[in-house]
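Visitor: Next come the chains, spelled out residue by residue.
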Amino acid sequence: MEKQITQQGQLRIALRNCGMLDPENIAESIARDAYQALGKVLKELSPQECINILKQSGLRGRGGAGFPTGLKWEIASKSQSDQKYVVCNADEGDPGAFMDRSILEGDPHSVLEAMAICGYCIGADKGLIYIRAEYPLAIKRLRIAIDQAMEDGLLGKNILGSGFNFEIKLRYGAGAFVCGEETALIHSMEGKRGEPTNKPPFPATSGFMKKPTNVNNVETFANIAPIILKGPDWFSSIGTKNSKGTKVFALAGKINNVGLIEVPMGTSLREIIYEIGGGIKEDKKFKAVQTGGPSGGCLTEKHLDTPIDYENLIEAGSMMGSGGMIVMDENDCMVSVAKFYLDFIVGESCGKCTPCRVGNKRLYEILEKITQGKGVMKDLEKLKNLSYIIKDTALCGLGQTSPNPVLSTLENFYDEYYEHVVEKKCRAGHCKNLFHYVINEELCVGCAACKRCCPVHAITGDKRMPHYIDSNICIRCGECIEKCSFDAISIQLEPKILV
Amino acid sequence: MTRIKSLDELKNKRDELKSALSLLDDPDNPDRKVQIKVAMATCGIASGARSIKDFLTAELSKRNIPSVVTQTGCMGYCYAEPTIEVKLPGREAVIFGYVDRIKADEIIEKYIKKGELTEGVIPRNYSTID
Chain A
1 MEKQITQQGQ LRIALRNCGM LDPENIAESI ARDAYQALGK VLKELSPQEC INILKQSGLR
61 GRGGAGFPTG LKWEIASKSQ SDQKYVVCNA DEGDPGAFMD RSILEGDPHS VLEAMAICGY
121 CIGADKGLIY IRAEYPLAIK RLRIAIDQAM EDGLLGKNIL GSGFNFEIKL RYGAGAFVCG
181 EETALIHSME GKRGEPTNKP PFPATSGFMK KPTNVNNVET FANIAPIILK GPDWFSSIGT
241 KNSKGTKVFA LAGKINNVGL IEVPMGTSLR EIIYEIGGGI KEDKKFKAVQ TGGPSGGCLT
301 EKHLDTPIDY ENLIEAGSMM GSGGMIVMDE NDCMVSVAKF YLDFIVGESC GKCTPCRVGN
361 KRLYEILEKI TQGKGVMKDL EKLKNLSYII KDTALCGLGQ TSPNPVLSTL ENFYDEYYEH
421 VVEKKCRAGH CKNLFHYVIN EELCVGCAAC KRCCPVHAIT GDKRMPHYID SNICIRCGEC
481 IEKCSFDAIS IQLEPKILV
Chain B
1 MTRIKSLDEL KNKRDELKSA LSLLDDPDNP DRKVQIKVAM ATCGIASGAR SIKDFLTAEL
61 SKRNIPSVVT QTGCMGYCYA EPTIEVKLPG REAVIFGYVD RIKADEIIEK YIKKGELTEG
121 VIPRNYSTID
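Residue numbers (our numbering), protein chains in the order written: chain A, 1 to 499; chain B, 1 to 130.
Just chain A, with the same shape it has in the complex (with noise of 0.2 Å):
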């Protein structure tokens, strides 16, 4: 059972408190200098200089799309009103995502300390955190780092006799994925379907009942009093050219160590899977790694030692996303990993606008075709030219991004793709109508097992005697294959003729 793990390169920034701490009792968080930011801030910082700090420190949005968080600061502290907001959008809605859960579950003090900085730094006395009510834990967390902050006047009124109120409060989203689009987002907070609207107006300056309203991600939130306590030059140092500090990684599909992971900027994908990661489960070859969610694609075997940072994942066609890492071996099919995320997207789309709510069901219905065998070279035109349309046409940034499962599915896995529409073949073994289960008769002892289980009497055969298996019978279940102790029956992309 004991694994030697030989990993290394790990710095947790963000994640610098969790599992380290009860999140349940705020005198552990200052013990480990919680609160300390906050009052370093307030005590000898003017908002300008502690944006000026973040703008230094090159700390860009953690949420996905990189945006400089100084910038950001700096535009909504302009934008002249007597009501702001700080936003902390905790709408995590990957598949196969959970940093902002870990952070807010391990550590709630680091967030609610940076949202009462960045009310400082923008001039807002109230805080909103945006989470979905699937996180029960993290909510019920949450509330009682902020009852305790509260009762310890690091949040509130006067907060450490500075004259600086904050205070924060809860705001329940219903799980929609479109929900983490922010625009959508302060819909929802505001009561209103949770629908996109056009950018600009941007959220600094009309946001939140029109007000002026900062939204940041739980992951940068995370990552802001280290840089003020630390200094900008030590965060700046840590990274890449263009893309600073750490990023947290949620490694999850075939891999060793699944897992919360946070490594510096620039760290290659190779190191992920194999130093930390482990490898791949069962010492399978490696295939794909899926990032970004459904707005992100496919990164392969040449990507492996790119640097991962903000541009070098645009230029390999996928996107940082929220930071979920799904790993994908041999037999992962990658037309169905496409049609995975487009069913993920149809449904969650919100409906407004036509090129994604109608554009990405054909998407759909077409991959559909192609994973049964029905597809015809047209429909691979057809793919890219409609995802085309749709990046071009959607009206907020999960339309515009949602043909990106099949875009970098297409781009890197063409021959995959051609094989089911030409050949009818899947070669990982996963769409049913493209291979047929395959009886070994040197390895078969004829013992049954497998006829017994069989749920639709596909399989014959005498007893002692090699068996057969009927492909046109055979509804692709697998029963068979998990019984057999003799590793006789295998996957193969021709079906086996009795002569």
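Calculated directly from the structure, the hints in this document are not laboratory data. Possibly wrong hints are sitting among the right ones.
In silico BS3-like cross-links for lysine-lysine, where the CA-CA straight-line distance does not exceed 30 Å [as the list claims (entries may be wrong)]:
#, chain 1, residue 1, chain 2, residue 2
1, B, LYS5, A, LYS140
2, B, LYS5, A, LYS126
3, B, LYS103, B, LYS33
4, B, LYS87, A, LYS230
5, A, LYS230, B, LYS18
6, B, LYS11, A, LYS126
7, A, LYS391, A, LYS302
8, B, LYS103, A, LYS281
9, B, LYS13, A, LYS126
10, B, LYS13, A, LYS43
11, A, LYS432, A, LYS483
12, A, LYS43, B, LYS11
13, A, LYS230, B, LYS5
14, A, LYS140, B, LYS18
15, A, LYS157, B, LYS5
16, A, LYS199, A, LYS241
17, A, LYS126, A, LYS43
18, B, LYS18, A, LYS43
19, A, LYS432, A, LYS254
20, B, LYS11, A, LYS157
21, B, LYS11, A, LYS169
22, B, LYS33, A, LYS140
23, B, LYS13, A, LYS40
24, B, LYS87, A, LYS140
25, A, LYS230, B, LYS13
26, B, LYS18, A, LYS40
27, B, LYS11, A, LYS55
28, A, LYS391, A, LYS199
29, A, LYS78, A, LYS40
30, A, LYS230, B, LYS11
31, A, LYS157, B, LYS18
32, B, LYS5, A, LYS43
Here are the simulated distance ranges between beta carbons [to be verified]:
#, chain 1, residue 1, chain 2, residue 2, range
33, B, SER51, A, PRO466, 47 to 53 Å
34, B, LYS11, A, TYR274, 39 to 45 Å
35, A, ASP125, B, SER51, 40 to 46 Å
36, A, ARG143, B, LEU23, 29 to 35 Å
37, A, ASP283, B, ARG3, 56 to 62 Å
38, B, VAL68, A, TYR414, 56 to 62 Å
Built from N, CA and C at the ideal position, the CB exists for glycine as well.
Since the structure of chain A is provided, determine the placement of chain B on it from the hints.
Guide: The following block gives chain B in isolation, referenced to the frame of chain A:
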């Protein structure tokens, strides 16, 4: 708790809390304690961390070992949940993975009582900013 009214008060409070923690960890202090942290984010709890925490709390007091068992957030080793971190006074913290009741019992008997490492130790694989 009383309101903290200034940055200096906050700093004092932090230092107080820090020294209280290091006192727990001081092998020469008669009131030293074994500190155990159980990773209890949603994922940890789903893999049974809560019952491990209850088990450890009950068993350690039954076996007269002065200790504090607390919950923490995710430690990041999702593949090895439930995970716990054990800190014996004056020694480096050690993280154990795949902790079920049998394993927890073994950790108490072998590591906490005698200081012998058991199977399932996860080497700390990261550095932090401290």
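Visitor: All hints, please: hold or fail.
Guide: Against the structure, the hints come out as follows:
Between LYS5(B) and LYS140(A) the alpha-carbon distance is near 27 Å, which keeps this suggested pair within the 30 Å criterion. Simply put, LYS5(B) and LYS126(A) have alpha-carbon atoms about 20 Å apart, close enough for the 30 Å limit, and the pair holds. A threshold of 30 Å between alpha carbons decides the hint, and for LYS103(B) with LYS33(B) the separation of about 21 Å falls inside it, so the pair holds. A threshold of 30 Å between alpha carbons decides the hint, and for LYS87(B) with LYS230(A) the separation of about 28 Å falls inside it, so the pair holds.
The straight-line distance between the Cα atoms of LYS230(A) and LYS18(B) is roughly 19 Å, inside the 30 Å bound, and the hint therefore holds. A C-alpha spacing of about 25 Å is found between LYS11(B) and LYS126(A), which places the hinted pair at or below 30 Å, so the restraint holds. Our distance criterion of 30 Å between C-alpha atoms is met by LYS391(A) and LYS302(A), whose separation comes to about 25 Å. Proximity of LYS103(B) to LYS281(A) is assessed by CA-CA distance (about 25 Å); at most 30 Å being required, the pair is judged to hold.
This hinted pair checks out: LYS13(B) and LYS126(A) have alpha carbons roughly 27 Å apart, not beyond 30 Å. Taking the CA atoms of LYS13(B) and LYS43(A), the gap is near 17 Å; set against the 30 Å cutoff, the hint holds. For the hint pairing LYS432(A) with LYS483(A), the CA-to-CA distance comes to about 19 Å; that is within 30 Å, so the pair holds. A distance of roughly 13 Å separates the Cα atoms of LYS43(A) and LYS11(B); the hinted pair therefore holds under the 30 Å criterion.
Between LYS230(A) and LYS5(B) the alpha-carbon distance is near 24 Å, which keeps this suggested pair within the 30 Å criterion. As the CA atoms of LYS140(A) and LYS18(B) are separated by approximately 26 Å, the hinted pair is consistent with the 30 Å bound. For a cut-off of 30 Å, the pair hint linking LYS157(A) to LYS5(B) stands: about 11 Å separates their Cα positions. Of the pairs offered as hints, the one joining LYS199(A) and LYS241(A) holds, with about 29 Å between alpha carbons and a cut-off of 30 Å not exceeded.
For the hint linking LYS126(A) to LYS43(A), the alpha-carbon distance of about 20 Å falls within 30 Å, and the restraint holds. Restraint check for LYS18(B) and LYS43(A): the C-alpha separation of about 23 Å stays at or below 30 Å, so the hint holds. Under the criterion of a C-alpha separation no larger than 30 Å, the hint pairing LYS432(A) with LYS254(A) is consistent with the structure, at around 21 Å. Taking the CA atoms of LYS11(B) and LYS157(A), the gap is about 20 Å. The hint holds against a cut of 30 Å.
Of the pairs offered as hints, the one joining LYS11(B) and LYS169(A) holds, with about 27 Å between alpha carbons and a cut-off of 30 Å not exceeded. For a cut-off of 30 Å, the pair hint linking LYS33(B) to LYS140(A) stands: about 29 Å separates their Cα positions. Of the supplied pair hints, the one linking LYS13(B) and LYS40(A) holds, its CA atoms being roughly 15 Å apart against a limit of 30 Å. As the CA atoms of LYS87(B) and LYS140(A) are separated by approximately 28 Å, the hinted pair is consistent with the 30 Å bound.
Note on LYS230(A) and LYS13(B): the hinted pairing holds, with a Cα-Cα distance of about 20 Å set against a maximum of 30 Å. Restraint check: the Cα-Cα separation between LYS18(B) and LYS40(A) comes to about 19 Å, which is no more than 30 Å; the hinted pair holds. Among the hinted pairs, LYS11(B) with LYS55(A) is consistent with the structure: their alpha-carbon atoms are about 27 Å apart, no more than 30 Å. Of the supplied pair hints, the one linking LYS391(A) and LYS199(A) holds, its CA atoms being roughly 16 Å apart against a limit of 30 Å.
Our distance criterion of 30 Å between C-alpha atoms is met by LYS78(A) and LYS40(A), whose separation comes to about 22 Å. About 16 Å separates the Cα atoms of LYS230(A) and LYS11(B), which keeps this hinted pair within 30 Å; it holds. With a C-alpha separation of about 27 Å, the suggested pair LYS157(A) and LYS18(B) falls inside the 30 Å cut-off, and the hint holds. Distance restraint check for LYS5(B) and LYS43(A): the Cα-Cα separation of roughly 12 Å lies within the 30 Å cut-off, and the hinted pair is therefore satisfied.
About 49 Å separates the C-beta atoms of SER51(B) and PRO466(A), a value consistent with the hinted range of 47 to 53 Å. LYS11(B) and TYR274(A) have their C-beta atoms about 44 Å apart, which keeps the hinted 39 to 45 Å range intact. In this structure the hint that ASP125(A) and SER51(B) lie 40 to 46 Å apart at CB holds, the actual value being about 43 Å. For the pair ARG143(A) and LEU23(B), the beta carbons lie near 31 Å from each other, so the given range of 29 to 35 Å is met.
Between ASP283(A) and ARG3(B), the C-beta spacing of about 58 Å keeps the proposed range 56 to 62 Å intact. For VAL68(B) and TYR414(A), the Cβ-Cβ distance of about 58 Å falls inside the hinted range of 56 to 62 Å, so the restraint holds.
Going through the hint list in order, the structure satisfies each hint without exception.
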